[in-house]
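Protein chains: 2
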Amino acid sequence: MAQKIEIWFEFASTYSYLTVSRAAPLLEAAKVPFAWKPFLLGPIFRAKGWDTSPFNLEAAKGAYMWRDVARRAARFGLPFQRPPIFPMHTVQAARIMTAALGQPWSSDFARAVFAAEFARGEDISDAGVLARALETCTDDPAHWLQQAQQDETKAALRATTDQAAALGLFGAPSFRVGDELFWGDDRLEDAILWAQERR
Amino acid sequence: MAQKIEIWFEFASTYSYLTVSRAAPLLEAAKVPFAWKPFLLGPIFRAKGWDTSPFNLEAAKGAYMWRDVARRAARFGLPFQRPPIFPMHTVQAARIMTAALGQPWSSDFARAVFAAEFARGEDISDAGVLARALETCTDDPAHWLQQAQQDETKAALRATTDQAAALGLFGAPSFRVGDELFWGDDRLEDAILWAQERR
Chain A
1 MAQKIEIWFE FASTYSYLTV SRAAPLLEAA KVPFAWKPFL LGPIFRAKGW DTSPFNLEAA
61 KGAYMWRDVA RRAARFGLPF QRPPIFPMHT VQAARIMTAA LGQPWSSDFA RAVFAAEFAR
121 GEDISDAGVL ARALETCTDD PAHWLQQAQQ DETKAALRAT TDQAAALGLF GAPSFRVGDE
181 LFWGDDRLED AILWAQERR
Chain B
1 MAQKIEIWFE FASTYSYLTV SRAAPLLEAA KVPFAWKPFL LGPIFRAKGW DTSPFNLEAA
61 KGAYMWRDVA RRAARFGLPF QRPPIFPMHT VQAARIMTAA LGQPWSSDFA RAVFAAEFAR
121 GEDISDAGVL ARALETCTDD PAHWLQQAQQ DETKAALRAT TDQAAALGLF GAPSFRVGDE
181 LFWGDDRLED AILWAQERR
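These protein sequence lines are chains A and B, in that order. Heads up, the first sequence is in this note's numbering, so the first residue is 1 and it goes up one at a time. Heads up, the second sequence is in this note's numbering, so the first residue is 1 and it goes up one at a time.
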């Protein structure tokens, strides 16, 4: 049995879109077990004094990122457009994902949210957009929208975000295999190899 | 004939060490012509208000970088150690490289400087270290140390650095293929493919 990979991601993150959209078949083929770790980058950025994404704070890096993500999405066969808002407010999406982590459809939900955001440019802070993503996964979207508002769910997302900071995470996606950290969609294959070689 | 790749690099940069050390056989096998573009990241960082590398300014990202570079160097079969000084002052090394760009041994010089810095931890701002790197390439190191101090050489390096900023470069290594920009040692293979597909 290969080691487990934790996939730490943030719904606002373009490179997390690539990872969440393409990871499942790679992990399955490699027989590597995994766990989703939805977290918020906002508190980690604010602790450095940043009030938005570094891609907005650094113009040249931001311009490059949009081109790089478009190029890589094309290579992976994923639809992509630059949404009108970036970064989006993702706390509601992350809370629903946190509440749904035990469900067999949680991967589908994450992919549906990212597709709304980066394939169709929809605002995923909108409750209607999130409800439609849930509708593709479950017969009872209202239940999960409600679960997302429970104190327990809010506390769990806060705890995951605190853990991210404590583990030294500074961007998304990040992959943890044991104590080994990999950062960026372009390290997904490296993380999978690492997990396989340490079974 | 494939398109030409410009390899923009900074002697202080850990990921530039990986690229300069491993690029030649890949480019040769792919029959992709290339040109070295030594430049200085310092002025680009200072324009953002940074007085050192972002890997020093952001502790978590810096800790990750050292681990990531060590892991990738091992995978490429390259010796690596974290040098006692980071980032080093690289203006003299970059001036010598600029003066030597027309020479058949310029690639060897770049590799020798990076090996001193990241394989052996030597200070490449030291004239003796640079002279020893030159000795592996030419019978007349003194001539090239002198060439590096010519006004023409200094102006050429300043012009390359200004051009880097104008092109939107924000880190090293960066690869340019026509108008297409790729950033990071982990995009070297993508840049080579891009150049091959657009012959």
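Hints are supplied without guarantee of correctness; some may be wrong.
Intra- or inter-copy, both count: the list cannot distinguish identical chains.
Straight-line Cα separation of at most 27 Å, DSSO-like style, residue types lysine-lysine; simulated pairs [what the hints assert, rightly or not]:
{"id": "1", "residue 1": "Lys48", "residue 2": "Lys154"}
{"id": "2", "residue 1": "Lys4", "residue 2": "Lys61"}
{"id": "3", "residue 1": "Lys61", "residue 2": "Lys48"}
{"id": "4", "residue 1": "Lys31", "residue 2": "Lys154"}
It is worth saying that the hints were derived from the structure and are not from the lab. Computed from a predicted model, the values in this text were never measured in an experiment.
### Message
Tell me the numbers of any earlier hints that the structure contravenes, in ascending order.
### Response
4
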